[in-house]
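Colleague: In case you want the letters, here they are:
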Amino acid sequence: MSILVITGTEVVFWICAVLAILGAIGLISFSKPVYSALCLALVMISLAVIYASLGAPFLMAVQIIVYTGAILMLFLFVIMLVGVDSTDSITETLKGHRVAVGLAGVGVLALLVLGVLQGVVGQGLGVDVTNTAAGGNVQGLAELIFSRYVIAFEATAALLITAAVAAMVLAHPEQIKKKIGQKERAEERLQAFTSSGKHPGPKPNSGVFARHNSIATPALLPDGSVAENSVSEILASRVTIATGEQLWEAHDEVLLALETADGELDEDEDEDLDEADDKEGSDD
Amino acid sequence: MTSLYAVLAVILFTIGLIGFLIRRNALVVFMCVELMLNACNLLFVAFSSHHGVLDGQMAAFFVMVVAAAEVVIGLSIIVMITRTRRSTSVDAENVLKG
Chain A
1 MSILVITGTE VVFWICAVLA ILGAIGLISF SKPVYSALCL ALVMISLAVI YASLGAPFLM
61 AVQIIVYTGA ILMLFLFVIM LVGVDSTDSI TETLKGHRVA VGLAGVGVLA LLVLGVLQGV
121 VGQGLGVDVT NTAAGGNVQG LAELIFSRYV IAFEATAALL ITAAVAAMVL AHPEQIKKKI
181 GQKERAEERL QAFTSSGKHP GPKPNSGVFA RHNSIATPAL LPDGSVAENS VSEILASRVT
241 IATGEQLWEA HDEVLLALET ADGELDEDED EDLDEADDKE GSDD
Chain B
1 MTSLYAVLAV ILFTIGLIGF LIRRNALVVF MCVELMLNAC NLLFVAFSSH HGVLDGQMAA
61 FFVMVVAAAE VVIGLSIIVM ITRTRRSTSV DAENVLKG
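In order, the protein sequence lines correspond to chains A and B.
Under my numbering, the residues of the first sequence are numbered 1 to 284, in order.
Under my numbering, the residues of the second sequence are numbered 1 to 98, in order.
Okay, chain A solo, but in the shape it has when bound (with noise of 0.2 Å):
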């Protein structure tokens, strides 16, 4: 007489296989691509404990790292950077898609479970015999990575290299126009004051006064006017940008200031005032 025994590897199984096809059939019918990828996350991870029950810790935590960790969060990038917001149409543009694609669906299943359950012959023999031979799940995928598949783990190495190259290669966008180096924006300069007569040097300072030296205040002409390009067109656009006769009062000001402040200093600092005067004038 045999007794029903439920194991831990069953309870896990029958918890995980419901939350993967929940999962998946969420990825599939979620309009918004964030949802869709955090189904595939769920599916990921029960996955990832199946494996586990099935003995092959490795490949849990390879799945857990590797897929949900890396691969999924590719797509989130991914998908923020495409827009987040962007939905999916829920409108069929072929006439009976659809219908024909649950057709399908219906069909690979029922070949794919007659196929797949032809392979399941006689009793599962479990790996941890395997695994505890090799001294652990870990020493015994090692052992095999570099002895039999030695070859296909060294052309791993050169896919990711691959990958890695194709990814940087296709991630820069095309230059369409050639690339305007100090070469051709001197020529440019050039052919500019021929033709038009404008000034190809740099332009003017921003000016430098007694009581204003911001980038936002214009240099004065010999004339006493403002030189335009003295200051940058768009903080132009931003901030009221002093006139001419703002900056002459503001100076004429300071003058005056210093004017009576001369007055009022003893004869000692005048000296000294005098000397370094005396000094300026022999470095000129």
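If you're looking for bench data, these hints aren't it; they were derived computationally from the structure.
Even glycine gets a Cβ: it sits at the ideal position worked out from N, Cα and C.
Certain hints may be false.
A few chain A positions that, by computed beta-carbon distances, are all more than 12 Å from chain B [claimed, not checked]: (1) Glu143; (2) Lys203; (3) Ser206.
Simulated pairs of lysine to aspartate or glutamate, DMTMM-like, Cα-Cα distance not exceeding 25 Å [to be verified]: (4) Lys198(A) x Glu228(A); (5) Lys178(A) x Glu188(A); (6) Lys198(A) x Glu188(A); (7) Lys203(A) x Glu245(A); (8) Lys177(A) x Glu188(A); (9) Lys32(A) x Asp91(B); (10) Lys198(A) x Glu184(A); (11) Lys95(A) x Glu70(B); (12) Lys32(A) x Glu70(B).
Following the hints, put chain B in place on chain A, whose structure we already have.
Modeller: Leaving out everything else, chain B in the frame of chain A:
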């Protein structure tokens, strides 16, 4: 017990296939391909356990590595197409027809 795992893997694979055929957002289509690869991995691991050898787990490991490389390339192609076509719909690639 192995046949249960096989049936689960086949169901997941079929759902992935249906999603691949129905959905038109390139990203979701790509996720369905990943789902099918995962279903195959599950079958590999289940049969590895059934036969008591580690070669199936090795195969699943290689599938994961190839899937990682494939996702990198596929997603950069999707990003490139999105840049030029301003859409992730697979229907938008009709300019390729002759």
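Colleague: Please go over all the hints and tell whether each is borne out by the structure.
Modeller: These are the hints, each one checked on the structure:
1. The Cβ of Glu143(A) sits about 8 Å from the closest Cβ of chain B, inside the 12 Å cut-off, so the non-interface label is violated.
2. Interface exclusion of Lys203(A) from chain B stands, the closest Cβ pair being 36 Å apart, more than 12 Å.
3. No Cβ of chain B comes within 12 Å of the Cβ of Ser206(A); the nearest lies about 39 Å off, and the non-interface call holds.
4. For the given pair, Lys198(A) sits about 14 Å from Glu228(A) by alpha-carbon distance, which is consistent with the 25 Å threshold.
5. Taking the CA atoms of Lys178(A) and Glu188(A), the gap is about 14 Å. The hint holds against a cut of 25 Å.
6. Under the criterion of a C-alpha separation no larger than 25 Å, the hint pairing Lys198(A) with Glu188(A) is consistent with the structure, at around 11 Å.
7. About 22 Å separates the Cα atoms of Lys203(A) and Glu245(A), which keeps this hinted pair within 25 Å; it holds.
8. Taking the CA atoms of Lys177(A) and Glu188(A), the gap is near 16 Å; set against the 25 Å cutoff, the hint holds.
9. Restraint check for Lys32(A) and Asp91(B): satisfied, since their Cα atoms lie roughly 17 Å apart, inside the 25 Å limit.
10. Between Lys198(A) and Glu184(A), the direct Cα distance comes to roughly 17 Å. Compliance with the 25 Å bound is thereby established for this hinted pair.
11. Restraint check for Lys95(A) and Glu70(B): the C-alpha separation of about 32 Å exceeds 25 Å, so the hint is violated.
12. Between Lys32(A) and Glu70(B), the direct Cα distance comes to roughly 23 Å. Compliance with the 25 Å bound is thereby established for this hinted pair.
Hint compliance for this structure: hints 1, 11 are broken, all remaining hints hold.
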